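There are 2 protein chains.
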Amino acid sequence: MNKNEIPYKIYLKEEEMPKQWYNVRADMKNKPAKLLNPATLQPVTEEELSNIFCKELVKQELDETNPYIDIPEQIREFYKMYRPSPLVRAYCLEKKLGTPAKIYYKFEGNNTSGSHKLNSAIAQAYYAKEQGLKGVTTETGAGQWGTALSMACSYFDLDCQVYMVKCSYEQKPFRREVMRTYGANVTPSPSESTEVGKKILAEHPGTTGSLGCAISEAVEAATTQEGYRYVLGSVLSQVLLHQSVIGLEALAALDKYGQKADIIIGCAGGGSNLGGLISPFMGQQLRGEAEYKFIAVEPASCPSLTRGVYAYDFCDTGKVCPLQKMYTLGSGFIPSPNHAGGLRYHGMSATLSQLYADGLMEARSVEQTAVFEAAEQFARVEGILPAPESSHAIRVAIDEALKCKETGEEKTIVFGLTGTGYFDMFAYEKFHDGKMSDYIPTDEELQASFAKLPKVDL
Amino acid sequence: MNKNEIPYKIYLKEEEMPKQWYNVRADMKNKPAKLLNPATLQPVTEEELSNIFCKELVKQELDETNPYIDIPEQIREFYKMYRPSPLVRAYCLEKKLGTPAKIYYKFEGNNTSGSHKLNSAIAQAYYAKEQGLKGVTTETGAGQWGTALSMACSYFDLDCQVYMVKCSYEQKPFRREVMRTYGANVTPSPSESTEVGKKILAEHPGTTGSLGCAISEAVEAATTQEGYRYVLGSVLSQVLLHQSVIGLEALAALDKYGQKADIIIGCAGGGSNLGGLISPFMGQQLRGEAEYKFIAVEPASCPSLTRGVYAYDFCDTGKVCPLQKMYTLGSGFIPSPNHAGGLRYHGMSATLSQLYADGLMEARSVEQTAVFEAAEQFARVEGILPAPESSHAIRVAIDEALKCKETGEEKTIVFGLTGTGYFDMFAYEKFHDGKMSDYIPTDEELQASFAKLPKVDL
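Top line first, the protein sequences correspond to chains B and A.
Here the first sequence is numbered in UniProt numbering, starting from 1 and rising by one per residue.
Here the second sequence is numbered in UniProt numbering, starting from 1 and rising by one per residue.
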């Protein structure tokens, strides 16, 4: 097909939108390891999980066999409000780089939550409503997930209780106000509203909180209030399932114009975006139908895939959630202050970890200043102001395109542009003022953290 | 056509996008009055205007005869990066209101500037580049225009000097950082960098600036630097011309699905969005091809159409720009603090003023609290967090839809959703906290302002 026939933005028609999510675990030869109960360190049961999570979501979490799961009608209706998201051909970036590579990005930022998080938030809110719950609880750090969940709960008229890491609550008042606009109850964490919060405040009176602490408060709030469950925006297999809508749309859009990806790139924190983007492509590869090069990009300050160990670990620092086997830096690892808030997670989705362990995916870590350089370069030619998280993928996409310039190869590069940076201008300001720092943990720091990993004997 | 066949979002295909702008003045029987030179109060010449504005833009400003003007190829390429904007069917809002009315909105917020301003910014930057200029100067209040112009100048590698009203510069540091990301030079106004700025600072040492003052500085900077011109984001006829892309796309999208609008609603500050949205529809009406009800919505705190006088007035408080005949509250009128920053303008586009004077358009003023109530209601069902400016149109669209509910009429309502409110969360916070105030100027205040209008004798 002639290059000029491919539009700047490929939008699927409503009737071309996916009607089923794709569950990559069904096609994996080596399945992700079982989740463990944090109290017993033994495989967790469906019943145990159902005390914390919604029933239908627990089923999805444990489902390793069904490749396709129907997207309920009401979720598909909601998707139509902000999806399909465009697959954009980065003509201007290609021209600026002078590369023969064809660059595409799947842009998930055109909704008020500002990221792909809404894809799973609406699904989780739907199942909570179906179960007859009053509401859900969650934590949020950078704020994208909390915003997405607020929007989803508002749509289904569910109560939404968000524990927001106190320093974010104070530094990002605008994020908080967006959540309030959607009727969410936002509490700075740690708070006096939970036992665990009170305990942490008594021990560390001046603390500005952490994601681990906020998770612990949210889980306590879910399990001590009648009619509530806890929901999580990343890491879990159910989240990757819902996020597969990203990859399914991207694949359909490429197919529509007879294009085939060579390299697929995504930023990786807990893995929600990367897993969702690559799943259907990985499925083709697992079934022997196509071959791709997959690249996970993580911050050098929090390099779980590139420098972590593959072991059982707690998903949260509070140690209240199930354990999973994953690439981890240790649940006690505290990343240096890094503005790409959504990528500051010590572990990685169990599914992605297994794929990486099996050599089916590559990983790279990049430093923050180089990431913001790529972000600014991208913004100036493509118009979109990217989130710092998404910009990790931009960095590697540009690097790969420049390699093609050297070799003359016309590779097709697809990357996930997860969201916009409107609420991250403090970080951009630091970058403009030359005050951004790059920090890479030392081997000693990592070894000290690995030493504290739980001893699991199965 | 069956209601269910109309998708949530109508996107035109690239090849369906407008190739020409529409100039409504060509179809107007009564043309807008001529612009006047502020020094002589006599009709301004093309040559005089060319000292301030780019040559080609001056031609467009004075063109009352050509109905269609070609959109240059490079502008059309840029449009493809963020256009076509979707015409959205507000199914969820209709359901929530229980109205038989069909509600559509043309959403212009899916670009980094967050509003429709980019449509004219890219055109103005293009003509500046074509003229071989080094750069352009402008002022910005709320920041949308400054951001849009920064993006446009970055694309064409033009220097961009933005004078930002000092209180906005301080209260909206994130807007400033977005502009810096696109390489703009942002100066808080009044500043020491211009003679007029120095003078104002000497007279009012603690001033936090005003739009009028920022315009004066930007015009001085344009006329005293070699290779610079001044550009403006609203009010002017050239801006309405460029913004006609909004209405042309909306009309094409409705036509594509066999729909016909009955009521067309837009918020009105200087008139850039409203004029752009209604132009092609108004053209049909002026040519006797169709009939519509057009409603301009303005804030009760700054009611130029509903309570102003139709007279010659200065476009800026600094009295350096040409005068035009328009509905005005007087160039010295200072609106009460109102968070819908983009609508705090004392006058109105000359074209829209003439159409209003001829009875071809209605106008309504609405109070701020009612506007934010509509904004929040809209956000919760339609997902998009609207800008306060845009929410004026939402308020009246909801009012009209509720009237249909009473009468049972299935009218088709189309309104302009000009942008997103991500940088307006201070205002939302005030609303959530019940600290928002409604202020309406008294008749005495307006009469005192009218008394200071210039005496024009033509």
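A portion of the hints provided could be inaccurate.
Any copy will do: because identical chains look the same in the list, a pair fits if it lies in one copy or spans two.
In silico DSS-like pairs for lysine-lysine, Cα to Cα no more than 30 angstroms straight-line [claimed, not checked]: (1) K19 / K96; (2) K95 / K430; (3) K9 / K293; (4) K293 / K430; (5) K430 / K134; (6) K31 / K198; (7) K199 / K319; (8) K260 / K34; (9) K430 / K31; (10) K260 / K13; (11) K80 / K96; (12) K80 / K29; (13) K411 / K96.
The set of hints was computed from the structure by calculation and includes no laboratory data.
Given the structure is predicted, the values throughout are model-derived calculations rather than measurements.
Hints, verified against the model:
1. With identical chains, the CA atoms of K19 and K96 are at most 30 angstroms apart between copies only, with a shortest distance of 25 angstroms across copies and 38 angstroms within one.
2. When the C-alpha separation of K95 and K430 is checked against a cutoff of 30 angstroms, the pair qualifies only within one copy, where the shortest distance is 29 angstroms, while the shortest distance between copies is 45 angstroms.
3. In the homo-oligomer, the alpha carbons of K9 and K293 lie at most 30 angstroms apart inside one protomer (23 angstroms), although the nearest pairing across protomers, at 34 angstroms, exceeds that limit.
4. Taking identical chains as interchangeable, the C-alpha atoms of K293 and K430 are never at most 30 angstroms apart, the minima being 34 angstroms within one chain and 50 angstroms between chains.
5. Taking CA atoms no more than 30 angstroms apart as the test, K430 paired with K134 passes between copies only; the shortest distance there is 28 angstroms, against 42 angstroms inside one copy.
6. Taking CA atoms no more than 30 angstroms apart as the test, K31 paired with K198 passes in neither setting, with 40 angstroms inside one copy and 71 angstroms between copies.
7. Taking identical chains as interchangeable, the C-alpha atoms of K199 and K319 lie at most 30 angstroms apart only when both belong to the same chain, with a minimum of 15 angstroms there against 64 angstroms between chains.
8. For a Cα distance limit of 30 angstroms, the shortest separation of K260 from K34 qualifies neither inside one copy, at 34 angstroms, nor across copies, at 57 angstroms.
9. For the homomeric pair K430 and K31, neither the shortest alpha-carbon distance inside one copy (43 angstroms) nor that between copies (51 angstroms) is at most 30 angstroms.
10. Taking CA atoms no more than 30 angstroms apart as the test, K260 paired with K13 passes in both settings, with 20 angstroms inside one copy and 22 angstroms between copies.
11. In this assembly of identical chains, K80 and K96 lie within 30 angstroms of each other by CA distance solely across copies; the values are 17 angstroms between and 34 angstroms within a copy.
12. Taking the closest pair of Cα atoms, K80 and K29 never come within 30 angstroms of each other, the shortest separation being 34 angstroms inside a single copy and 43 angstroms across copies.
13. When the C-alpha separation of K411 and K96 is checked against a cutoff of 30 angstroms, the pair qualifies only within one copy, where the shortest distance is 17 angstroms, while the shortest distance between copies is 48 angstroms.
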